[in-house]
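So the sequence lines, in the order shown, correspond to chains A and B.
Be aware that the first sequence starts at 0, since it is given in numbering that gives the first Met the number 0, and climbs by one per residue.
Be aware that the second sequence starts at 0, since it is given in numbering that gives the first Met the number 0, and climbs by one per residue.
These aren't lab readings, by the way, just hints derived from the structure by calculation.
Among the clues, some could well be false.
Now the in silico label distances, taken between C-beta atoms and shown as ranges [claimed, not checked]:
hint, chain 1, residue 1, chain 2, residue 2, range
1, A, 590, B, 485, 35 to 43 angstroms
2, B, 524, A, 131, 37 to 45 angstroms
3, A, 31, B, 284, 24 to 32 angstroms
4, B, 284, A, 285, 34 to 42 angstroms
Even for Gly, the Cβ is constructed at its ideal location relative to N, Cα and C.
Single-letter residue listing:
Number of protein chains: 2
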Amino acid sequence: MAEQQEERDYNEFRVIQDLAGWRRTHHNNELTAADLGERVCLMGWVQFRRDHGGLIFLDLRDREGLTQVVFNPEGNPDVHERAHAIRAEYVVAVKGVVRMRPEGMANRNLVTGEVEIEVEEYKLLNTSETPPFPIEDRVEVGENLRLKYRFLDLRRPSLARNFIIRNKAAQAVRRYLDALGFLEIETPVLTKSTPEGARDFLVPSRVNQGEFYALPQSPQLFKQMLMVSGMDRYFQIVKCFRDEDLRADRQPEFTQIDIEMSFIDEAVIQDMAEGLVRTIFSETVGAALPDPFPRMTYADAMRDYGVDKPDLRFDLKLTEVTDIFTNSGFKVFAASELVKVLRVPGGGELSRKEIDDYTKFVEIYGSKGLAWIKIKEDGEWQSPIVKFFSEDEIAALRERTACQPGDILFFQAGAADIANAALGNLRCELAERFGLIDPKVFAPVWITDFPLLEYDADEKRYVARHHPFTSAKPDQMETLATDPGNALARAYDMVINGYEVGGGSIRIHTAEQQRIMFAALGIDADEAREKFGFLMDALKFGAPPHGGIAFGLDRLIMIITGSKSIRDVIAFPKTQKATCLMTEAPSEVPSKQLRELGIRLREKKEN
Amino acid sequence: MAEQQEERDYNEFRVIQDLAGWRRTHHNNELTAADLGERVCLMGWVQFRRDHGGLIFLDLRDREGLTQVVFNPEGNPDVHERAHAIRAEYVVAVKGVVRMRPEGMANRNLVTGEVEIEVEEYKLLNTSETPPFPIEDRVEVGENLRLKYRFLDLRRPSLARNFIIRNKAAQAVRRYLDALGFLEIETPVLTKSTPEGARDFLVPSRVNQGEFYALPQSPQLFKQMLMVSGMDRYFQIVKCFRDEDLRADRQPEFTQIDIEMSFIDEAVIQDMAEGLVRTIFSETVGAALPDPFPRMTYADAMRDYGVDKPDLRFDLKLTEVTDIFTNSGFKVFAASELVKVLRVPGGGELSRKEIDDYTKFVEIYGSKGLAWIKIKEDGEWQSPIVKFFSEDEIAALRERTACQPGDILFFQAGAADIANAALGNLRCELAERFGLIDPKVFAPVWITDFPLLEYDADEKRYVARHHPFTSAKPDQMETLATDPGNALARAYDMVINGYEVGGGSIRIHTAEQQRIMFAALGIDADEAREKFGFLMDALKFGAPPHGGIAFGLDRLIMIITGSKSIRDVIAFPKTQKATCLMTEAPSEVPSKQLRELGIRLREKKEN
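Bound-form chain A, shown alone:
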């Protein structure tokens, strides 16, 4: 037969090198009873082979799904004979006819579960050794092995789905912004190192030896330059880089949806950005987000939730009780800058062990302890500390917290930043513990009215909370001059489910205001010129009012797909040691390459 002849010709490769005109007609999630009798050509990987009653059944898998194919010795005996060689993860092409599965054999869990393909022709496209782990959604193998064989791990349907969703999100972003007249403009990857902010990745220059490019932490200054250029509306889905020590959901390279607009104010950007995020959620997973998003000032968020990125899927607000204890005999509370309480309805059921675990948990945030009061069903207060409280303090606490039998009250007292962080994060832990979180709910909120500056105790100066190009609110100029720590910024963050997914600001667009800002930061004219010379120039030549926002795409996709790790939404992620286990990057390079770049390695210190 011609088919056999062809295979023999390429015998040295065992398999077909060339599709020889075979064309796939369908993906493996497409055929249903509506296609009965159709002649089709499918290709894919063998998920599973089963021999039964002389027939050979394969589950054929591709990116989209599974279809069952059947080799029948009474159909094409030669093809059936050859099918005996098929193993899991072999790559095959079949031609055949769509027919109903026999009575009672349908698989209701599959789109294609009612039908099967009776194979008439067959090509083996590739063989496979037994993979180091099975290609299934429930994998029990360690992440490092899966990262080494990332090209196999990505075959798992749950992981493949993340990239289908990520692509949908990216295309939805582009359609939405394109329709609004935004231009996607690429900014450089080889840029200038600026000592502000996080640590840069550096790239030694060969042509200009002794000099270095930096990979961009964001295209911030470039997008501002594009506004000065009159580009009006810019966006880019762009890689950014930070050489920081990696936490669980950080990567050295990450992707931003980066946006900037001219001739606008906060309201225009926020409307645009809300619409964008609503579009992403609706086009990827059909989720309907509120319109408009709720808004909350930074001060209110800190007061009620202890953090500037509150998870609003559940209630559990914090209550400040500092004033109740100002003159308390309980000196720990009386001496504290801030005393706050978190009431957990039904929290009385927590065991002593659980409370001990939460005490350890808040230590992460610098807390030195976790005081608590259980309100027993008989109304009695069980607590190691309540004996120090006066009757008035107990009464005031009862009224302020509206606590009920069965509740627990958790306290934090001390420096405001520690107390807030400890209780704000404990709040989320407790919401998990008490099942207050509906995984199908997405709760966005705008946080506004951020402080412009924050005091850096190490550097003994103010630093920009957002970045040094953020504008102060128009009515805050005097505050900026006289009381810089309290000046408010034209900055806004978008928070969803307790994650900051985006942040932005209205930028400074005049040279004078930029000088005032740099002065507040202790950056003098010479330093400003050296670090940001072109920005200072650009502001002199007709910069328009402008502002923007940037979203962390990786994190957005993590939230949308419900992934536990950011590595599950990045095709080829780095480990926490910043290595790629598949390609073994980074690696040593020949010394000739370093010589060309004019650099050498420092001797490693002896241990």
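Given the coordinates of chain A, assemble chain B onto it according to the supplied hints.
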């Protein structure tokens, strides 16, 4: 007035910090007679101010166009008074009413040229110093000054247009590929250095001192891994990097449209790629490209055009005449591997000076001279060399070239590569000289049947012409083993107007064929494992048949926009010394940063 009060409040900034609720209603290319009487709000830059008859006229510019606005002292005297301060490149916002320009004052060259806006309210959004060059399409200033002030240069309408077109092209690419089921998947920028190919940019690792990442020259291996992962159809518009010495139209970072497909052959990829390019040209500049594109083998292209990227906007084919002179008394020709002639109809008018210039031109390609024959109107042959030819040679030449009175014949003789390159490139020079090129024509062609390998005389071994993952044609396996230099590849280039705009291949998808290829390249199993270990692994676990293509987006946009330089289609390009004149990258960095990375600078050699 409230307006004045507001300005006084922000007096320290001279200009409005806040749009205070003003919303732009139109861009400056929108208003026409159809909008008469409408109240509008426009914003933009002052292109030009003209005072005439007590009125003040501004041409207001934005990304999209120009609109004329008029300040009339009889309308709002205060606003008119303040308008006297306006200078070129100031940023202003106006509210007013659309009205017809007076009889005879219309500007037919502007979309908005029939109307003007009578200003009722006015805000100064920013001032501008006098720019270092005028913001006009005809600029007479040097490119370096324009690159330093790139944020001003990009305001020029012809340059802004390039980025509008580039965005259109990118979005058209995405829509087209998205509709065909391609997933845009991001591949890493911090990758592993591979010594094959061009020179890598390196990034020292801080966490893994002594090791380096490399910036990708292309995502080639990652996209192949995605095919092994079953992603089926991948694309990405992605930055790539090569640390090469820069030529006029090269940049250290450039952008590729990178595409890969599984379960396909050449025909499927070429159909898809043609459709993509037709879509780009039609959606950006409305150009209709042929369907299908013509196809030409590499051998035919070299024979007829001397290059593998022929410009088919004009004819001028080369003619081989080696055989005519095999036994010639003209030893220069008789001893040559290849003798080719280019007949230029009407070329007899070329002056001696022009011919001398062309002689210098072909020296770029290694040619040692440019022999020529002018066919005079009386039929006489005027030439320094014809006296060495026999009657038979002259007759054969006349017949082979079909030369006519008024023509010129240019000759190249010598090594085939030099003769072809010299005459192939001279052909394009002469087409320019004789006006044979219609700038509105786009002439695409597929070049196919490339050699798989080429001999590297320096390394004394064969190297991959495309890359070492390119599959040989199925019928070429024996040739590959016995006569590697003549084996043909499953590779294809797309050429438009003499530029290679895209290239791709069907990849090797079995471990055995990859081993055969590496063997032909003199790469043994150990070296293959060290350099491409994960690829060799991936091919063992069920790699599907796959192939792809990559387009140079910068060059495509250059062709579409008719730009002379690739720097005109890149927002922030590097110079030929790989520097950014605006940001002054690359730059020196503090030694602390280098210490953290475990590297130091080599001492510079004394001159």
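Okay, the hints, checked on the actual structure:
| no. | hint | verdict |
| --- | --- | --- |
| 1 | 590/A <-> 485/B: 35 to 43 angstroms | 38 angstroms, holds |
| 2 | 524/B <-> 131/A: 37 to 45 angstroms | 21 angstroms, violated |
| 3 | 31/A <-> 284/B: 24 to 32 angstroms | 43 angstroms, violated |
| 4 | 284/B <-> 285/A: 34 to 42 angstroms | 38 angstroms, holds |
The structure does not agree with the numbered hints 2 and 3 stated previously, though it agrees with the rest.
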